[in-house]
Amino acid sequence: MSASDRPLLDVEGLTISYRVGKCWIPAVRDFRLQLGAGEIIGLVGESGCGKSTVALALMHYLASNGRVESGGKLHFAGEDLLAKSNADMRRLWAKRIKFVPQNASAALNPSIKIGKQVMEVLKASDGIEGKAGYDAMIEMFHHVNLVDPERVAERYPHELSGGMQQRVTIAMALISNPELLIMDEPTTGLDVTTEAVILELVRDLIAQRDTGVIYITHNLGVVAQLCQRVLVLYAGEIMEEAEVHDLFEQPHHPYTLGLIRSVPKPGESKHDLRLQSISGNPPSLTRLPGGCVFAERCPLVVDICRSDKPPLESLPGERLVRCHRWEDVTPTLNPSRHLYGGHPIKREGLHPNNTPLPSLRGKGPGDGGPATLMHVTDLQKHFPVAPTVREALRRIKPTPIRAVDGVDLQLRAGQTLGLVGESGSGKTTLARVIIGLQERSGGTLELLGMDVRNSVRERSEDVLSKLQMVFQNPQNSLNPYLSVWQAIVRPLIKLRGLTPAEAEAETLRLLERVNLRAEYAERYPDELSGGEKQRVAIARAFASEPDLIICDEPVSALDVSVQAAVLNLLAQLQEEHDSAYLFISHNLSVVGYLADTIAVMYLGQLFEVGEARELFQPPYHPYTEALVSAIPVADPKQSTERILLSDNLPSAQNLPSGCRFHTRCPRKIGEICETDAPPWREGEAGHLIRCHIPLEELEDSQAGLVLAGGSEGAT
Amino acid sequence: MPSSQISRSLVNLIGTLLRQPQSAVGTILVIFFFLLALFGAQLAPYPNPNDQSHDVRQSPTLDLAKLQLGEHPFGTDRLGRDVYSRVILGASSIFRIAGLGTLVSVVLGSALGLFMGYQGGWVDEILGRVIDATLAIPALLLALVLVGIIRNLEFEAGSWQAGLADNVVLLVIAVLYIPIVARVARSTTLDIKTREFVAAAEIRGESQAYIIFCEILPSVIPSLVVEASLRFSYAIFLVASLGFLGFGARPPSPDWGLMVNENRGGFYQLTPWALEFPALAIALLVIAVNLMSDGIRRAVQKGE
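Those sequence lines, one after another, are chains F and G.
Each residue of the first sequence is one higher than the one before, counting from 1 in this note's numbering.
Each residue of the second sequence is one higher than the one before, counting from 1 in this note's numbering.
Pulled out of the complex, with its shape left as it was, chain G reads as follows (with noise of 0.2 angstroms):
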């Protein structure tokens, strides 16, 4: 296996990535994001995110010129739960959901464009439609319809259980990106199915399957790269909007986008700190991603 070649540029490309300064600060905040999400159990101040025993609207006591955190950074909400605590630890059900969501979508997606892609004919045909079409819905209003219908389904069931939500989004991101993913991987494979090494190995008689992951996958994966950060700063958004809408976590769950949707409104008067940081968060996290991607795609650019 081509491994060896793979993590030399894995190295090359951190490498280039901490040169840019633009992408320096954005991958530099990703894996800020991601001790936090490792970690946070360990960080908050107090790990239970639903402790309710402190006084309820505290103002922050974030001191930036005195670099002093104080007793409650980001205050407390109305309820009396620590916000900075809830902060930490809503990174880490995030980073799960999204990420899992694109390590989903990004495997499941690549093999299926792979396998369009070579394979061509008929099969491509129809499976290139049903795609297109899946494309042509916005993928909010597909999400909320996916999350209705699951949702609705294990009602009937009997057996909601509120820690399934996190993985009703989970899934949407996958149906919802496989189809992206895999246009990407497909065009690239149109590509590289042409070059002479592909016909070297129908030559040998070799195995779809040997030619599709030996031979053309390696040339696939910068592209795929690329597309895999992209789709995870995609899917961070996606997370957020559905936690505000409250399709995704259920309360008490710390869930940055549901803790804006909790803290809007009238409570936004009284104890805006608690919509704020949590919003924030999100706005960071979604701009370091898409500084990091950027930089990706520039980096294996330049590579090619």
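Just chain F, same shape as in the assembly (with noise of 0.2 angstroms):
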């Protein structure tokens, strides 16, 4: 910490109201913060805590139903911003205050070309303009690692992948040398492997000038990752402020410690633990509770919490908490995590731990394990393109999109396949050619013996009943002119062939199965968290007692705290009723929790499938090793080696020759990558690799990333 005299940001007991009808609402209160040059403070919470709120107040660019309440403090460089008039913040805005946006497309023009938009900022900073500014730019787009800056300035912003998006808007707010950066979940929206690379360049450019840095998050990997001290806001209120080791070390507050244990850690494994989940949701900010505002959900409430505000109280080692049992949380920290009941699981014959893992390569059953579910055979989906008008007159046929291009997979009865890989590679459309919403183009499907039909529309009832899916996105998977009860009886009628009397005590039943109470069944969407939400999308899956859910991306929608108690849940009703995943996420610690096999897939083929622990251990195939090294692991001690793929992913129409991934690969030995297609290797358990590097040899050259069996690891 550059400790100055004076730091860059002083903020202290800052107060900020919206209003609502004729109310002003504190969103945020007593917020405090000091920030000095080249700092990198993380503000962290769950959605709806207050943290967009601080960045636009820390701007002073609230809108004009939000405003900050006098005797706070605000000052930036030793001025008082809240002083400020308009014309004098706009100053500020453009040269010495920038903003970095989560979502770059929408705050990039469409319609202005980037190197001018670009080339706009510096005009209104610096007053640089003409071929002055242009070498400017073309630098700073070198600084943030854009290929070819000439180019890119020469086109629009929908000719960007994301991950050069937010690079441009990266750019545009370093390019003036501001004082003080705000970046608001900047890597958000992205994956796993972009992130990484976005966060070594901010990492880099900051470390190289004397920006002060507020990072905003819910992502405690990125925090822990990046940050200097973390700022934990709940509800508005700060919870806890720490350098960013002592709160990993030891978190003080118990909202804190929730928030890293619910995150699954890479090598956990739903056999061995359940995680830690926060329960409930946060308070409304209309009827905020007199004592503490996390009571209502901490594990150690006690009655002083409910009737007595807790201070916010300095600790030694320039720690701030606001709790009255702080003392009582480092304790329970260590030995045991029983804290928010996320527990190792004692398992006596419950559930065949050691069953062979099912191999790729059709070997079939009939070595003792559970028997095979479903069996994919070279499927195949391909989106026919329109042609154009040039190529219709020469009658050529344009190539078709290969989203899904020849994928083996058997899965068994009662596990988890685990799908990985990054937007683009194929993963959501294998889900829907699956479970019949595409036709796929070709391949076969085999369910518990029996070929499955392409279509949804010709499959019979038998069929429909045992495959069931769980969506991304809890805002539209729930018709939200239909109640929770209506959602979920229509499948035990429809499917089971249930009687109305006895559908609605399976209702009743499926709704206790997902620890949603009775009174549930006669809400609308509308009146559901997220959490909630997906929670009745679970029971409606299950209601038919399917074989097979896919469950494409349920939690990824989800607040962490949430997301725990979701996987957890998915957990405990796969050992129930015995039903089989196909788990999709892009988040590979989710995934390696729930998996008890992991696919890796890329530009609509696998790469690398293996049992879900084996993944986690050298040998990798060289996009798994890059994604596992993007993980942004939630443990500040742990800094692997990251290797950083360019953001260039090919397009599914023009497939790169030889194997898919020579383009981007950081271990391309040469010509035959590019020619020839990679041959599968197998390795120990039947783990297998596509690619022309022997396992040995991968093995030996990635021993240093290992990320299950670590001192974290699961035993």
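Worth flagging that the hints you see were computed from the coordinates, not collected in a lab.
The model shown is predicted, which means the values in this text are computed figures rather than measured ones.
Keep in mind that the hints are not guaranteed to be accurate.
So the derived label-pair ranges between C-beta atoms look like this [unchecked claim]: (1) F:S47 / G:I28: 36 to 46 angstroms; (2) F:A392 / G:L18: 20 to 30 angstroms; (3) G:R151 / F:S105: 49 to 59 angstroms; (4) G:A136 / F:C23: 44 to 54 angstroms; (5) F:G280 / G:L171: 53 to 63 angstroms; (6) G:I137 / F:R517: 50 to 60 angstroms; (7) G:N167 / F:K397: 48 to 58 angstroms; (8) F:R517 / G:Q119: 38 to 48 angstroms; (9) G:E156 / F:A392: 25 to 35 angstroms; (10) G:L171 / F:D378: 52 to 62 angstroms; (11) G:V130 / F:G280: 36 to 46 angstroms.
To list a few chain F residues with every Cβ distance to chain G over 10 angstroms, as calculated [what the hints assert, rightly or not]: (12) A132; (13) L201; (14) Q228; (15) T444; (16) E461; (17) Q468.
Some, not all, of what chain G presents toward chain F, calculated at C-beta under 7 angstroms [claimed, not checked]: (18) R204; (19) E215; (20) P222; (21) V225; (22) P251.
Just so you know, even glycine gets a beta-carbon here, dropped at the ideal spot from N, CA and C.
The task is to assemble the complex, starting from two chains supplied on their own in separate frames and drawing on the hints.
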């Protein structure tokens, strides 16, 4: 920490209110912050806790229905921002205070070329125009590792990938050499590989400058890897502030502990422990409790927490904590994990944990493990592309988009197959083809030995009831005009043929299984939180007693604390119903927790298949290696050497020859990668890798990257 | 069925309408005209619209300052008919024709649009082109042509009856507005059908009819309500225009458009009130419905 006499940003007692109807609701109360030059402070908390409100208030840029209450102090480089007029602020925004938004594609003007937009910023901040401005811009583009900056400048925003767009907004923010940079979840919408690249970039760029950064995120992994100090915000109040190592080592607030514990670590598995989740929801801002705002959800709550508001105490080591019982938090941390109900699972004959791995190449069952449930061979989904006029005239058939291009999978009863890959790798298309929402272009799909038809409309009710799906977006997966009751009762009557009376009893039982009270049956989706909606969607999927449930990113739209509860629920239901999951996620830790087998997908093909714990140990496929190394681990001590991939995913219409990964592969060995499709190589326990490099060689060179079985290893 | 949810939003909608001054004025006026249409026969002093027993060309006795109606509030026309009674009695026919026409076009149009939008593919393509083609023709022109064709057919069949004229206009409104409503329903359906709850219904093997009417329709209703109110205001205008041009109601029916037509030209000098009051009624009703539909649109957009 560069502790100069005067911090860059000095905030004290800041209260921010929003007008709702005729009342002003204090959304953030008594906020404080001291940011030095060159320091990165992380601001974490669940959604709705006031993170973005703080960001806007610090820039003195609240919407007209928001205001900073008098009595607060907001000093930037010694100047009182609250006293400044809009015109004065505009000068500051142009040059000294910059903002990087979450959604870069919305922040860039779609109708103006990138170069012009960035040069406009430069003109407004430093008055540099013309050739000098262009040169400065190109130099900045080099700094943010944009490939071929001159061509990027000539493009429109939609022609760039999400990662490149975010680099442009970062370049726009840094080009004026600001003193303060506020980043509001800049990597949340990006792939883990791209996120790793952007984080690396932010770290490097800040290290070269004296810019103070406030980094807002809900991802503790990102905080651990990037920030020096962390502020934990809950329901608009600071719960804890600490130096990053101290925070992860010894969180003093139960909320911080809950957040850290609810993220599955690489190598943790459903067989070994349940995740810890924070039950309940943040309190409504209009009806804040009199005592501690976290009391309702706190596992350590005692009477005083409900009656007296805890003060923000200063602790040694420049820490702050707002909790009556912070001294009791520390001892519960290390030896046991019981605080939030997450506990190791004693398994004695509960579930055969050591079943042989289903092999990829159709070895079939019969070796003592559970029966093969689903067998996919050479599955293909090609989307035809409409020919251009020239192609039509020359009678050329344009190459189709090969979203899924020859995938073989085997899934056994009661097991989870995790499917990972970047966006655009064809995971969701594969899921939609299997479930029958899209017709396959080729290949076979067998479920319980029956050949399954192409589309849902041709499938028998028997097949339909055996295959169900949980969708990504809880907002969209329930019909807003149907009650919870109506959503669940329909498949019971339709697919299981229950009478209305039976269905009623069964609905209540299902609600209870997903931990929702019976009164939820009468509610409509807009009366439910995101996590509750997802529980209803899960109950609906389980209603027909399916053998296989396809989960397409079921937790990626949820807050970490809720995410943990939903993952626990999925694991628990799987044990009870012995149903299999095809679990799709871009989040490797989540997949690693829930999956027995993991398949890694890239550009429509599988590149690695293996047992979940094998996958976090060498040998890796070079692509998997990059994915694994890019996981932001919520542990500041564990910093792996990141393998950074370029963010230019080739188009599925114009696939690279030979090995499809060769254009981005850091371990490319030569021409063979460009010309020949790599062979499948089999390692231990049926671990399969599709690469030209022999497994022993891969294992030797990757020895450093072990995420499972380390200090935090699951045993 | 999600009827409770829909009735709940209807109550909300009316509440929102009455809170905004403009839409409140519009809504109250529309309700006022609607009551006239329902109870016109009871409210009119002379319930027979063709009662010619009064003195001809009497000036209006309406006195706004004293709030007195007098013997003939809007005067009498050149045939000695009470204009006040005729305006009141005319409300029912305009509401019936425009209202039923709108209802028919909204019901059929939304069914068509839902089907097209959900089905997609070549069905949508072909029907879409047909709709585009109909929309390219000016509405009034198409209405005139349709009226002409239908009348001709009926005339040749020898079954021409004066009472059929109203139904012809109703039919014309339906034919004109079905494609417009279908387009709105289709575009909303295209959006809704990508939602995951529709995929969830497909995975359950639900029939197409179930998906369209139980899963998609409720979400399309808000935009249909907006479109219906807009169509209604246009329909009123169209009924009045056709009446005025002599293609709608036939004399001696107390149709507002027809009354304007009958009393224009030289008669306007003699009995200006016989033209002005029905014209005022048309204008008021159209403005009122427009204000109301504006309010509905705002309320629905706010709700989303």
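| Out of the numbered hints, which ones does the structure contradict? | 2, 9, 11, 16, 17, 20, 21, 22
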